Structures are given as structure tokens and as C-alpha cells.
Amino acid sequence: MGIWRELRKNKWLYAMSLPVVVYVFIFSYVPMSAHLLAFKQFVPGKGLWGSKWIGLDNLAFFFTGPDWLGVTINTVYINLLFIAAGTICSLCIALLLNEIRRAYFKKVTQSLVILPHFISIVVVNLMVINFFNGQDGMINRILVQFGNEPVNWFQSPAVWPCLLTIIFVWKGAGWGSIIYLAALTGFSEEYYESARIDGAKRWQQIRYITLPLLRPTIIVLTLLGLGRIFYGDFGLIYGIIGDNSLLFHSTDVIDTYTYRSLRSTNMNSYSNAAAVALFQSVMGFATILFFNGVVRRVDNDSKLF
Amino acid sequence: MAENSTHLKPIKPPKLRDRSQLAVSAAAYVFVGAFALFCFIPFWLVYIGSFTAESQIVQGFRMFPTEFSLDAYRFLLQGSQVYESGFVSVFITVAGTAGAVLLTSMFAYAAAHPHVKYRYVLSFYIYFTMLFPPGLVGYYLLISNWLDLRDSLLAMLLPLLFSAFNSFLMTSYFRTLPFELNEAATVDGAHELRIFFRIIWPISMPVIATIALFYALTYWNDWFNALMFIDDPHRHPLQMMLRRIISNSQNLDYLNTNANTPVSATGVQLSSVVITIGPIIFLYPFLQRYFIKDMTIGAVKG
Numbered sequence: 001m002g003i004w005r006e007l008r009k010n011k012w013l014y015a016m017s018l019p020v021v022v023y024v025f026i027f028s029y030v031p032m033s034a035h036l037l038a039f040k041q042f043v044p045g046k047g048l049w050g051s052k053w054i055g056l057d058n059l060a061f062f063f064t065g066p067d068w069l070g071v072t073i074n075t076v077y078i079n080l081l082f083i084a085a086g087t088i089c090s091l092c093i094a095l096l097l098n099e100i101r102r103a104y105f106k107k108v109t110q111s112l113v114i115l116p117h118f119i120s121i122v123v124v125n126l127m128v129i130n131f132f133n134g135q136d137g138m139i140n141r142i143l144v145q146f147g148n149e150p151v152n153w154f155q156s157p158a159v160w161p162c163l164l165t166i167i168f169v170w171k172g173a174g175w176g177s178i179i180y181l182a183a184l185t186g187f188s189e190e191y192y193e194s195a196r197i198d199g200a201k202r203w204q205q206i207r208y209i210t211l212p213l214l215r216p217t218i219i220v221l222t223l224l225g226l227g228r229i230f231y232g233d234f235g236l237i238y239g240i241i242g243d244n245s246l247l248f249h250s251t252d253v254i255d256t257y258t259y260r261s262l263r264s265t266n267m268n269s270y271s272n273a274a275a276v277a278l279f280q281s282v283m284g285f286a287t288i289l290f291f292n293g294v295v296r297r298v299d300n301d302s303k304l305f
Numbered sequence: 001m002a003e004n005s006t007h008l009k010p011i012k013p014p015k016l017r018d019r020s021q022l023a024v025s026a027a028a029y030v031f032v033g034a035f036a037l038f039c040f041i042p043f044w045l046v047y048i049g050s051f052t053a054e055s056q057i058v059q060g061f062r063m064f065p066t067e068f069s070l071d072a073y074r075f076l077l078q079g080s081q082v083y084e085s086g087f088v089s090v091f092i093t094v095a096g097t098a099g100a101v102l103l104t105s106m107f108a109y110a111a112a113h114p115h116v117k118y119r120y121v122l123s124f125y126i127y128f129t130m131l132f133p134p135g136l137v138g139y140y141l142l143i144s145n146w147l148d149l150r151d152s153l154l155a156m157l158l159p160l161l162f163s164a165f166n167s168f169l170m171t172s173y174f175r176t177l178p179f180e181l182n183e184a185a186t187v188d189g190a191h192e193l194r195i196f197f198r199i200i201w202p203i204s205m206p207v208i209a210t211i212a213l214f215y216a217l218t219y220w221n222d223w224f225n226a227l228m229f230i231d232d233p234h235r236h237p238l239q240m241m242l243r244r245i246i247s248n249s250q251n252l253d254y255l256n257t258n259a260n261t262p263v264s265a266t267g268v269q270l271s272s273v274v275i276t277i278g279p280i281i282f283l284y285p286f287l288q289r290y291f292i293k294d295m296t297i298g299a300v301k302g
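Going line by line, the protein sequences match chains U and E. Using full-length UniProt numbering, the first residue of the first sequence is number 1, and each one after it goes up by one. Using full-length UniProt numbering, the first residue of the second sequence is number 1, and each one after it goes up by one.
Among the hints, a few may not be true.
In silico DSS-like links for lysine-lysine, alpha-carbon gap of 30 Å or less [as the list claims (entries may be wrong)]:
hint, chain 1, residue 1, chain 2, residue 2
1, E, Lys-117, U, Lys-9
2, U, Lys-201, U, Lys-106
3, E, Lys-117, U, Lys-11
4, U, Lys-201, U, Lys-107
Simulated from the structure, these hints should not be mistaken for laboratory data. Just so you know, these numbers come straight off a predicted model, no measurement behind them.
Extracted from the complex, chain U is given alone in its bound form (with noise of 0.2 Å):
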């Protein structure tokens, strides 16, 4: 009664609303079905609900093969990587353009360093080609005209976390600083003036005034990206890696092993697929709660819901 009273009186809120609403229905909540073929034996002429139920021989599958343990810890480990280098470098940035005074230098800077994020990732994947590759790349000519011994960057996965870390700095690190820059122009300069009355040197304010102000957006941040830890940045890691095998070893992560399972001519392709984009979204809910928790105690405003 109560609901349909509310949304007669606001109908046209509601119909403005509406067309967003559908839409996530059949993008986001109709597809979600697709986890119940992690329980089916998958015929395409038979489509989703036409196909058989084998409980859990699909699971079985992926858990009893040898590669879900290493493209989950693969996953786990480049994220924290990412999300380790990502916000000490945003954080140097923003703290650092901060100190400069000249409006056209750091203007200039901080377009530069915004760039990277705006192409795309096969452009990006161009550059690391041109850059890595055997004989002629750029850092092999480098390391050459040095008198090292170039390096087969292709064929080396130990090599690779730290890689793809440089390269997703390169082209996040500066949109990253964006929000620790605004949250920094935000503080009183009060604070500041205190402190150098009393003698503070310039990276003691940094340390003992800045830092502490910044620590609820750096934890918040910390932990929306701890959140998402068994989502792998598929973009970055397909688009550069793609179909190497001589690299998965080390590379490989949930999303990009999902994406080769279901592209395979194997016959339960995608019902194996689905088993482990399941055990990504359980393992990512149960994360995302997790960390939500951890949030609402450090930081009860901060919290997502």
C-alpha cells in the first residue's frame, strides 16, 4: 500500500529512474544466472535451463587440477603489488606536487602524469611491445650500450609481476594522486602556521601534521582496493600478456584463466568457466564484507554500507 502510494506521488522520479533500472536488471542481474552453470553440464542447443545438473563434478574439476592454486595466488600477489606501489607513488605525488609553488610547472606536471590514464590499453600494450622486445627494443639497446647482457623480457615470467607493477603505476599512479591532492588542499592552513611557529621543519609538517590527515583516505582506498583482490586486472594483463604461455606462470590471473577456459574448444568450456567465475564472486562477496567490517572499526564513516 505504502509503496504504491510512494511511487505514484514521485512517478515521474521513478520513471526517470526507471530505464537505469531495467538496464542493470538484464546487464548485471540476468547474467549472475550464469553461476548455475557451475553446477550444469553446459549444451549451448539446450541453453541454461535445458541443460543437465551434475552438482559438483564442475568445482571438482577446477579445484582437483593443478592450475587453480597458482592463478589464485597470482592473483592475490599482483594485486597487492598493484595496490602497494600504487598508493605509495599516488601518495609521493600528491604530496610532493603539493610543495611546488610554480602554478605553470605543476600544471604541466600534473597533466603529464594524468596522461598514461587516458589511453587505452592496447596502445599501451604497442609501447611495451616496442620497448621490451628481443633485439631491437629500446631497454635491450640500453642495457647493450651498458655492457649487460639483454634480456629475453618475453620469455622470462619471474620477471613480469614487477613489470606489469611499473607499467600500472605509469598509467595510474598520477589519476591515483588526483584524490590525495584534493583531500591535502582541504587542510587548514592553521595547522601549518602552528608548526612553523614552533619550529617544525618542512618534512616534519609532512610527517607529523599531513600524513596523520591523510591516513582515513589512504585506509579507505587501501581497502576498496583490498576488496577487489580476486579480480584481476584483466584489461592490463590480457591486453599486454594476452595468449603467451611462456609467461602464465607467473601472469595468470582468475580473470584471464576464466577467459581462456570459456574461449577453449573443450566441450564443457563453459560450464568450467563458470565454476571458477563462481568461486571468484563468492571469494570477492566474502572479501568486500570482510574489509567492509574492518572499515566500519577503523573508520565507521567511511564504511560502504
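The hints should help you fit chain E onto chain U, whose structure is shown.
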């Protein structure tokens, strides 16, 4: 607080641009300058490389080449693929951004409007899809089997039409608007839709421009949907064209060109990149002044 501080201004502390300030400033200039260079150099190499003569480019990239040529551009622009792909990219970006901004802003407005009793239900309905994403398999089945959009431009247009993140950004902006504005208009008997488009929309131009930029970039830079769903080269967007000639550099036939100048695959790749990121660089200064301010408003509060 703010008033007090202006009263206190006259007691100026002694000018303490001491050595610690200088040291920190110096470190700031060096580090920020170095990181800015680090970000910029790859762009420069690509840009200058695209104009470098073939004889030099095959020896690898140089910061300052000495021989220049336009052969790579000539090769690319005499082919039909770059125009077809360019058209697809522009069409998807323009149509998609227009639709996405309209949908998102209407929804965000309803989700922010204090009269709407279920506004938090609306927000959670969106938020839940971030907590529990549908997953790749469902997404693939939806587009390719259930909606049957293979090889259709809609397969690149529809999936990006709404972003929960952008919607929250807008919702938190709309929440900061003075509600009396609507109140006054409603008393005058104006229609909700009219209020939205005639009053709210104009005063929200900064945030709308920001969101439009975000959507436009997402559309322009998207290659994943094309990779998954578009097999027909006539419907490949620029990013997909680029991906094709990168992953298969032996096969420049893809570009459908009838130029018979000898060019290196690298040169053609570089000139394609310049054409692909050109519009972004061109629009960048215009849009930058909006988004830095507005992204942070939404992000800090939202």
C-alpha cells in the same frame, strides 16, 4: 573557524622559507619532474617514431631521429580500414556517450532526490552489482547468445551504457545541490522532467562534462567487446584495428591499402597509435579543468 583565521592573519609568522622548505621543494621538483618525464617519454617516442623514416625505425626507437618520412601515414590513410574503423569508433563514442550521460544523470537525480523515499534502495540495487559482478560467462552468454548481438555495433554500445561508479559520482554531486531550487520550481507547478532539464542540468554542467568525458574515454578506448563479439573487420573500432596490426604485424593486408611504398610494420603501428590517441590529446586541455575538481568532490564524499 574560517572567520577566525582571517582575524588572526595580521600576526604573521616570520618568513620561514628556511632550508628545510628549500630541501623539500628541491626534492619535489626533481621527483615530480622525473615522474612526469617517465610518463611523457613513451608518448614522445611513439609520436616522433611515427614520423621517422623507415630506415631508422627498423633499428629501434630514438628520442631524436634525423631522417623523417610520412610513408607510414600515407600507407595507413590510403587504406580503407582506417576510415571504417574510425567511423565505428566515432559513432560508438558519440552515440554511447550521449545515451549513457542521459541515462546516468536521470537515474542519479532520482537516487539523490530527497522526495524519493526509496532512493537508498535504488542505490543499493546498483551497488549490489559491484559487490557481486555477473561474471564473464554470464556476460558472454548474454551478449552473444541471449541478445544475439554478435557482429552488431550494439555489442559495443550497450554493455558500456551505464557505469555504477559514474552514477555514484553524479548522485553525490546532486545531493549537494540546494534543494530549495526544486522546491521553488515545484510550487510554480513545473513538471519534474522540466525541472531536471531546465534547472538542474544547466547548473550541473561541470559534473555532466566530467561524466561525459569518462564515458567517452571508455567507449573510445574499449577493445574488449570488439575482441569478444566482433569478427567482421568492417565493424572493428580503431582500438581493434590497432590490436590486429600489433598482434599480427606480418599481415598489413588487413588495412586494405593500395599504397605500394615499402613500410615497416612498426611505422604503421606507430602512426595508427597517433591517429587513435590524437582526439584524446586534443580534447584533453578543454576537459581537464572540469574533471580534476569534480572527480574529487564525488570521490571524497561518495
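Now the hints, each set against the structure:
1. Between Lys-117 of chain E and Lys-9 of chain U the CA atoms are separated by roughly 10 Å; this keeps the pair inside 30 Å, and the hint holds.
2. For a cut-off of 30 Å, the pair hint linking Lys-201 of chain U to Lys-106 of chain U stands: about 23 Å separates their Cα positions.
3. For the suggested pair Lys-117 of chain E and Lys-11 of chain U, the alpha carbons sit about 12 Å apart, so the restraint of at most 30 Å is met.
4. For the suggested pair Lys-201 of chain U and Lys-107 of chain U, the alpha carbons sit about 26 Å apart, so the restraint of at most 30 Å is met.
Comparing the model with each numbered hint stated earlier shows that all of them hold.
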